[in-house]
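Student: Here's the letter readout for the chains.
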Amino acid sequence: MNEAQIIDELRDKFGERIGTPERLRQHRIVVTVEKENLLDLAKFVKDTYDLNYAISVSGIDYPEQNKFVVVYHLCKMSEEGHLPLVLTLKVPVNRQTPRTPSLISIWQSVEWHERETWELFGIEFEGHPKLERLLLHEDWDEEFPNQFPLRKDFLLEDE
Amino acid sequence: MSSMYFSVGPQHPGSGHFRMKITLQGDIILNAEPDPGFVHRSVEKIAETREYLQNVPLIERQCLSDVSSVTLAYAMGIEELLGIEVPPRAQYIRVIMCELSRIMSHLYWLAILGIFVGHSTMFMWGFGDRDILITETAEKIAGARVSYSYIIPGGVRYDLPDGIKEHTMKTLDYFQGRLKEYDAIFFSNPIFKRRTKGVGVLSRSEAIRLGVTGPTLRGSGVRGDIRKDAPYAAYDELDFEIPVYSEGDSYSRSLVRFREMKISSSIIRQAFENLPEGDFKVKTRKKVPEGEVFSRVEAARGELACYLISDGTRKPYRLKMSTPSFRNLPGFSLMKGSMLADMPPIYMSLDYWPLETDR
Amino acid sequence: MSAVGNAFVGRLRSLVEKIVNVNPIRYLVNWSKLYSLWPVHLTTACCSVEFGAANCPRFDIGRMGVAAFFGSLRQCDLIIIEGTVTKKMAKRVKKIYSQMPSPRYVIAMGACAISGGLFYNSYNIIKGVDKILPVDVYVPGCPPRPEALAHAVLLLQDKIRKGRVNITKGE
Ligand code: SF4
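Chains as they are written, first to last, in the working numbering: chain A, 6 to 164; chain B, 586 to 944; chain C, 79 to 249.
Don't read these hints as lab results, they were simulated from the structure. Among the hints, a few may not be true.
[As the list claims (entries may be wrong)] Computed footprint of chain B on chain C, listed as stretches where at least three residues anywhere in the stretch have a Cβ under 8 Å from a Cβ of chain B: (1) 96-107; (2) 123-131; (3) 155-167.
[As the list claims (entries may be wrong)] Per label pair, the in silico range of CB-to-CB distance: (4) A:17 to B:870: 36 to 42 Å; (5) B:755 to A:146: 56 to 62 Å; (6) C:140 to B:590: 34 to 40 Å.
[Unchecked claim] When the alpha-carbon atoms are kept at most 30 Å apart in a straight line, the in silico DSSO-like pairs for lysine-lysine are as follows: (7) C:173 to B:900; (8) C:169 to B:921; (9) C:165 to A:157; (10) A:51 to B:921; (11) A:95 to B:813; (12) B:765 to A:95; (13) B:872 to A:135; (14) A:81 to A:48; (15) B:606 to A:72; (16) C:169 to B:606; (17) C:209 to A:135; (18) C:237 to A:135.
For clarity, every value in this text was computed on a predicted model and none was experimentally measured. By construction, the Cβ of each residue, glycine as well, lies at the ideal position given by its N, Cα and C atoms.
Only chain A is shown next, with the shape it has when bound in the complex:
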């Protein structure tokens, strides 16, 4: 399955409900999707293209546009190895009420990644079974109440 086919199919199937799928370079496709349609799209790509392997989940902070973006990188793993194609799902999340559905029901492997993103960005993943402290120390809440280190408004000492 090549990239152009996937892009066409996604556009046909979802039309207005997703942003235009974009081909960054060979083997990289980026799709922007609002969180309302995220689960549908995720189910669709998993079932149709068999993208069964989530590589990473990251957050990005855009304070000027008043949003976070949660980024999922997905690929296909079969017995014979990875498919070189990486599909990127970008989910914009409002900065005031950062909530988005968790994809753990579709890819088990996003569990730890989502937990890390929750901790460092403060993005709530609805339906995630265990959003608990992972990397930061136990007294974080006393030391920096309501602050999340990877947000852009959290400044390091020499900035």
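Chains B and C with the ligand: place on chain A using the hints.
Tutor: For chains B and C with the ligand alone, kept in the frame of chain A given last:
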């Protein structure tokens, strides 16, 4: 029977900067939950405040036993954004360094696995050979023992020194002999086999579902290796195989790494044989154009991906490293239901490196 | 014990200390400590790679009298801080240090343990382990070579050799 709760680490011979919360009933592990974060040094946040080149030593520190692949993923990302081609000689030198550090990391792992299963000879041999053979070769090439920041955007920092080919070939010849001895004393050792065979079995479908990577994946019968599946540097011009074992137990995961050391030596040989002449680096700009890139390499512990977002300035807007140890964290659920004495072999067979998880 | 008893023990202790610090005896006591340093096995960050190398055949700090690092805390008298101490680890480091019997010595290994090193502006580290523990020897480098660690052990032994014997509690 009532259950007992205790934690292994962070002060514990072997576990390092890492804690495991274990619930035990009798001799059976009911639940094993990893508790990372003891070395969370906020590399991703600091990277946003430093320039692209300054970040090379910084991200290298997240995995000091396998430094080349980490820096390579980062350098590849920047090169893609800048749109520059790295000269072929640099690509080959990169392959040599990556394979050297793969062997280095596997020997480190082998030594610690040795002491974990009570085999102190393997501990001594592993560390000794790592120092005398591999670290010294890397030092001759790059100028430092472990933290050499050798791979930079645009190529590598220096050209290879004179006479390094002969030195490396001699070293690898000797290392081949040592590998046979390792096999005889350790991997064919009936005690080691008993301790690891059938222990911590991870089935193929479960491995894919949990998203584990690297030798842990290949020990479960999945031929997943970025070097073959999405070749980078000069790997598509070299001839090598990917070791796969389908049993999915601690023994097969160990054998994958053992075979990889041999294959890595052969890759290094080929790279030296085919080493092209020419430049070893090209000039890069300090400002990186706007854009995003996702570059993947196969590090010693598995697939390492670097997600880099640039806003056109001298500093990255966001740098995310998706590291193999982090992705192998779900593998700790393998300990559930096994005996407490099986915990060390399972733990070591995942080759977990806490710094890489925490970043 | 009664107040009188306490005062008596205190006096006795200071008397013994005076005697012990007379030169030949002091030398003997210090000498007996020199070559059996028992380090705690606590790895705090990536300097542990070089710590491992220092313990192993090529460099082998064992020949300077640093014993194997698999002892229990209660037998240890040396703690080598191998690199960055994060805030989460700092608590544990303090706890471990307080469980060791005195006399106890601390070696701070690596730029991170000395001042924060590469991660000087991180939000999650202690900038220099000397903020929480009294450090005897600093080993610069990132990571320090195993030879440097061996040198640090020699420096520490020098310090012990010249030091005063202290038998009162809470050294
Ligand atoms: S000094 Fe360097 S090698 Fe040591 S812990 Fe710090 S960063 Fe790691």
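Student: Look at each hint and say if it fits the structure.
Tutor: Hint-by-hint comparison with the structure:
1. Taking a C-beta to C-beta cut-off of 8 Å, the segment 96-107 of chain C contributes 0 residues in contact with chain B, too few for the three needed, and the coverage statement is violated.
2. Only when three residues or more bring their CB closer than 8 Å to a CB of chain B does the claim for the segment 123-131 of chain C stand; here the count is 7, and the claim holds.
3. Counting residues of the segment 155-167 of chain C whose C-beta sits closer than 8 Å to any C-beta of chain B gives 4, which meets the bar of three, so the coverage hint holds.
4. Taken as a hint, the range 36 to 42 Å holds for the pair residue 17 (chain A) and residue 870 (chain B), whose Cβ atoms sit roughly 41 Å apart.
5. As the Cβ distance of residue 755 (chain B) to residue 146 (chain A) is approximately 57 Å, the hint placing it in 56 to 62 Å holds.
6. Distance hint check: the CB atoms of residue 140 (chain C) and residue 590 (chain B) are about 36 Å apart, consistent with the given range 34 to 40 Å.
7. The straight-line distance between the Cα atoms of residue 173 (chain C) and residue 900 (chain B) is roughly 39 Å, outside the 30 Å bound, and the hint therefore fails.
8. A hinted pair counts as satisfied when its Cα atoms are at most 30 Å apart, and residue 169 (chain C) with residue 921 (chain B) qualifies at roughly 29 Å.
9. Straight-line distance between C-alpha atoms of residue 165 (chain C) and residue 157 (chain A) comes to about 22 Å, which keeps the hinted pair within the 30 Å bound.
10. Simply put, residue 51 (chain A) and residue 921 (chain B) have alpha-carbon atoms about 29 Å apart, close enough for the 30 Å limit, and the pair holds.
11. Between residue 95 (chain A) and residue 813 (chain B), the direct Cα distance comes to roughly 28 Å. Compliance with the 30 Å bound is thereby established for this hinted pair.
12. Of the pairs offered as hints, the one joining residue 765 (chain B) and residue 95 (chain A) is violated, with about 49 Å between alpha carbons and a cut-off of 30 Å exceeded.
13. Between residue 872 (chain B) and residue 135 (chain A), the direct Cα distance comes to roughly 40 Å. Violation of the 30 Å bound is thereby established for this hinted pair.
14. Distance check on the hinted pair: residue 81 (chain A) and residue 48 (chain A) sit about 14 Å apart at the alpha-carbon level, within 30 Å; holds.
15. The straight-line distance between the Cα atoms of residue 606 (chain B) and residue 72 (chain A) is roughly 36 Å, outside the 30 Å bound, and the hint therefore fails.
16. Distance hint between residue 169 (chain C) and residue 606 (chain B) is fulfilled; the C-alpha atoms sit about 17 Å from each other, no more than 30 Å.
17. Of the supplied pair hints, the one linking residue 209 (chain C) and residue 135 (chain A) is violated, its CA atoms being roughly 35 Å apart against a limit of 30 Å.
18. At roughly 51 Å between alpha-carbon atoms, residue 237 (chain C) and residue 135 (chain A) are farther apart than 30 Å, so this suggested pair is violated.
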